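Could you put the whole structure together from the sequences, leaning on the hints where they help?
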Amino acid sequence: MIQISHLRKTYDNGLEVLRDVNATIGRGEVISIIGPSGTGKSTFLRCLNLLESPTGGSIIVDGQDLLSKQTDVPRLRRKMGMVFQSFNLFNHLSVMDNLCIGPVKLLGKSRKQAEARAMELLEMVGLAEKAHAMPSQLSGGQKQRVAIARCLTMNPEIILFDEPTSALDPTMVSEVLGVIRTLAKQGMTMVIVTHEMHFAREVSTRIFYMDQGVVYEEGTPEQIFDHPQHERTRVFINRIRNYHYVIRSPRYDLYQLQGGMALFCTRYYLSEHIQHQVQLLAEEVLQVIPLDKGEVDLALRYSEECHTISLELLMPPGIVTVWKSPQFAPDALSLSIIQGLCDNIIESVDDTPEGPRVRLIFNLKQNEQ
Amino acid sequence: MKNIGKILLLLCLLTACGTKEDEHLSVYRNMDDLNGKKVAILTGCFQEEILEKQYPEVEVLRIDNAADMVQALVTKRCEAIVLDDYMVNYHSHSAKGIVPLEEPFVVAEMGVCFAKGPDTQLLDMFNAFLRQIKADGTYDEMYDRWMYHAHEAEMPHIPLSTDGKPLRVATCSTAPPLDFVKNGKLVGLEVEIITRFASSIGRPIIWSDMNFSSIIPAIVRGTHDIVVAGINITPQRQESVNFSDPHILCHTLVAVRQENAVGYALGAIDRVDATSFYDKVKDSIQRNIIDEDRYLMIWGGLKLTAMIALLACLFGTLFGGVICWMRMSRHTPLRRVASFYINLMRGTPVLVLLMIMFYVVFAGTSVDAVVVSIITFSMNFSAYVSEMFRSSIRSIDKGQTEAGIALGFTPARTFIHIVMPQAFKHVLPVYKGELISLVKMTSVVGYIAVQDLTKVSDIIRSRTFDALFPLIMVAILYFILSWIFAAILDFIGKKVG
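These protein sequences, in sequence, are chains A and B. If you're matching positions, the first sequence starts at 0 in numbering that gives the first Met the number 0 and goes up one per residue. If you're matching positions, the second sequence starts at 0 in numbering that gives the first Met the number 0 and goes up one per residue.
Simulated from the structure, these hints should not be mistaken for lab results. Since we're looking at a predicted model, the values are computed, not measured.
With a cut-off of at most 25 angstroms between alpha-carbon atoms, the simulated PhoX-like pairs for lysine-lysine come out as follows:
#	chain 1	residue 1	chain 2	residue 2
1	B	K36	B	K75
2	A	K78	A	K111
3	A	K111	B	K494
4	A	K129	A	K104
5	B	K424	A	K129
6	A	K104	A	K78
7	B	K302	B	K431
8	A	K104	B	K493
9	A	K129	B	K493
10	A	K78	B	K397
11	A	K104	B	K424
12	B	K493	B	K431
13	B	K115	B	K164
14	B	K52	B	K36
15	A	K108	A	K129
16	A	K104	B	K494
17	A	K78	A	K68
18	B	K75	B	K37
19	B	K279	B	K75
20	B	K424	B	K494
21	B	K397	A	K104
22	B	K164	B	K184
23	A	K184	A	K78
24	B	K424	B	K493
Structural data, given as structure tokens:
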């Protein structure tokens with residue numbers, strides 16, 4: 000239905016928001032766009048109905064190029080509803096007039112027809128009672144439901160949701176999500192920019208993970224949420240927090256490292272017990288690994304989503320052989336402490352710009368937390 | 000609280016001082032007695048220079064018309080006034096209590112002004128006409144009628160031609176008995192002379208009634224053919240205009256209040272008569288409104304003021320919309336032009352703009368002064384209104400526009416259906432204020448000879464010497480007019496909202 004290729008958007012101040020976005024949206028699909036703030040999710044959505052004009056690329060809607068000069072953009076927009084973060088109900092019109100203005104002025108319907116349809120839609124979103132209220136008399140959740148109903152009066156083929164619940168109190172989020180859910184069941188094509196991960200997972204047919212001005216990873220909710228392929232996706236999905244420390248020689252500053260770890264644990268509300276475990280693990284691991292063979296990147300990772308903690312080390316390849324050699328035996332005590340603290344230890348080889356490096360991941364025991 | 004108390008005390012003291020009678024009355028015999036005193040003089044008259052040069056210690060007060068000078072003298076804003084004899088005679092009859100000093104200030108000749116230039120045909124015709132009426136006695140008859148019996152005098156009927164190129168004559172109707180308004184008609188010695196002249200050469204007349212200070216510029220700019228307003232012949236003026244042969248010989252006098260004149264003892268002064276307030280008001284209404292059918296003139300002035308304000312508001316609003324659109328345009332040159340226009344209009348006094356429009360831009364064209372007023376006030380109003388529009392459009396959340404566009408409206412229709420109705424509500428209260436100030440601002444059109452409400456009150460005051468009543472009356476009329484305008488706007492606001 001919509002084909003987006005090589006979409007670019009650079010603002011006048013030189014900020015490049017969208018670098019190269021390629022995507023296809025089929026009829027009946029529900030697509031959630033997730034990703035960190037400032038990565039162009041909303042800009043992308045707003046490019047789809049030309050609220051923002053793209054700098055380059057093409058958007059083909061039902062075979063019509065949106066960016067061609069001959070295209071009647073206002074006419075095309077009627078097929079694409081949009082729901083805004085800030086609702087944007089017309090403040091000078093009552094709920095009923097908000098719903099009638101489009102059909103009457105744009106679709107040439109009679110006032111009577113428009114009102115009948117508006118009433119149906121208000122009943123669907125549960126606000127028939129408020130038909131004659133002014134927008135200022137409604138709560139945020141009610142406003143957003145009216146805004147969705149207003150969209151539907153134009154009988155759109157697709158609805159674009161731009162963070163529909165971000166401006167709402169937590170208590171009102173569910174009423175709006177409920178309406179969107181109903182629409183999904185009815186088979187409405189929708190593109191939703193959202194931060195509601197559970198909702199996105201439940202309602203979507205596909206997920207776009209956007210980062211760095213591109214669709215970084217896309218897939219079914221299972222693929223994206225359970226088996227993200229890329230590091231950045233993983234970090235985002237699991238809400239992983241990092242603490243980095245670079246060890247350059249055996250005479251590294253242990254107290255500085257431990258201080259940093261303590262601060263990190265405090266920041267993410269980790270218990271003192273966990274903090275000691277993490278510090279102990281780091282100390283023992285650094286005890287058994289020879290540090291004179293090159294730089295070692297140490298990272299402490301905490302996933303807010305899964306509440307797991309791991310210690311990752313990125314090292315020159317040579318060290319691992321040392322790790323596995325018989326010379327390791329004298330430190331049997333350290334090894335048993337490490338094994339006692341960890342669920343498992345994963346070893347892999349990563350290709351980095353500086354050549355192959357070995358990644359060792361120590362996953363801290365879950366029950367210990 | 001302490002401060003308020005102090006201010007109140009100060010006010011009481013000031014009022015007390017103000018009402019205190021002067022115990023020692025000065026006696027003025029000649030100009031030398033007036034050294035260091037305030038002396039009023041007509042703005043732009045030639046005696047001004049003499050007064051300043053010969054009596055440098057006199058404090059000069061410049062006033063725009065003779066009636067206000069007499070008022071200034073009577074209300075003790077000044078100690079003496081310098082005025083031509085015929086005016087003093089006229090006024091001492093109307094306003095009791097002013098007396099001329101024996102010694103005249105200066106004796107001078109008056110002439111009729113014609114445009115400077117090689118074409119002196121009209122001037123020659125007038126001079127010939129003047130010689131003829133002086134010879135056949137018509138002049139003496141006229142002189143006697145207006146100079147000595149102005150209060151009873153009637154203008155004789157003089158038939159005027161209806162076709163032919165009209166003579167454009169500027170005068171200043173606040174100079175009785177030469178040029179003044181009686182029974183709603185322009186009359187007086189000079190008016191009669193010019194009318195007879197026009198009759199003799201078979202041309203109709205278009206009169207413009209202007210302020211004395213802007214009357215010479217009128218002929219210099221070529222908006223008029225002839226100017227008569229009791230203008231003295233001076234070398235300075237001869238540089239700008241051609242004078243006819245002297246048509247009136249004028250003794251300029253210095254007039255003072257009765258109690259300051261020689262031979263008037265304190266007891267001889269007429270005390271304020273003890274009529275009741277009600278009678279006084281009745282008398283004022285009779286004199287200022289009913290006599291000489293002045294209510295017709297007031298009604299005419301009111302209509303003119305209302306019309307100028309209404310049309311200026313209408314065109315100003317439309318034009319203001321265009322300016323606002325330019326100011327908010329994406330195209331930099333349009334924005335610059337609009338911005339410059341707004342700054343220019345807001346940075347110039349509307350009176351100055353009015354004079355420029357009348358004496359420079361529309362000089363030499365036959366565009367009516369009322370039309371010039373409407374154009375000028377439209378321009379001024381448009382600048383203020385466009386900025387009001389802009390700020391109220393800006394105050395509408397961008398999301399409203401986006402929602403309209405996303406729904407499928409074109410940007411123009413989004414503006415009409417979504418933004419404008421909301422901006423309208425925002426702009427209405429400030430717009431109302433601006434409209435009211437527009438109504439009041441139009442009171443300066445008298446400067447370019449439009450007989451609006453304020454000008455009418457000047458004319459009435461110059462005849463009745465009632466300082467208070469015409470001013471209060473006009474103030475009330477302006478108030479009512481503004482109130483009606485505001486009410487209409489509120490009504491429209493309710494209809495639309």
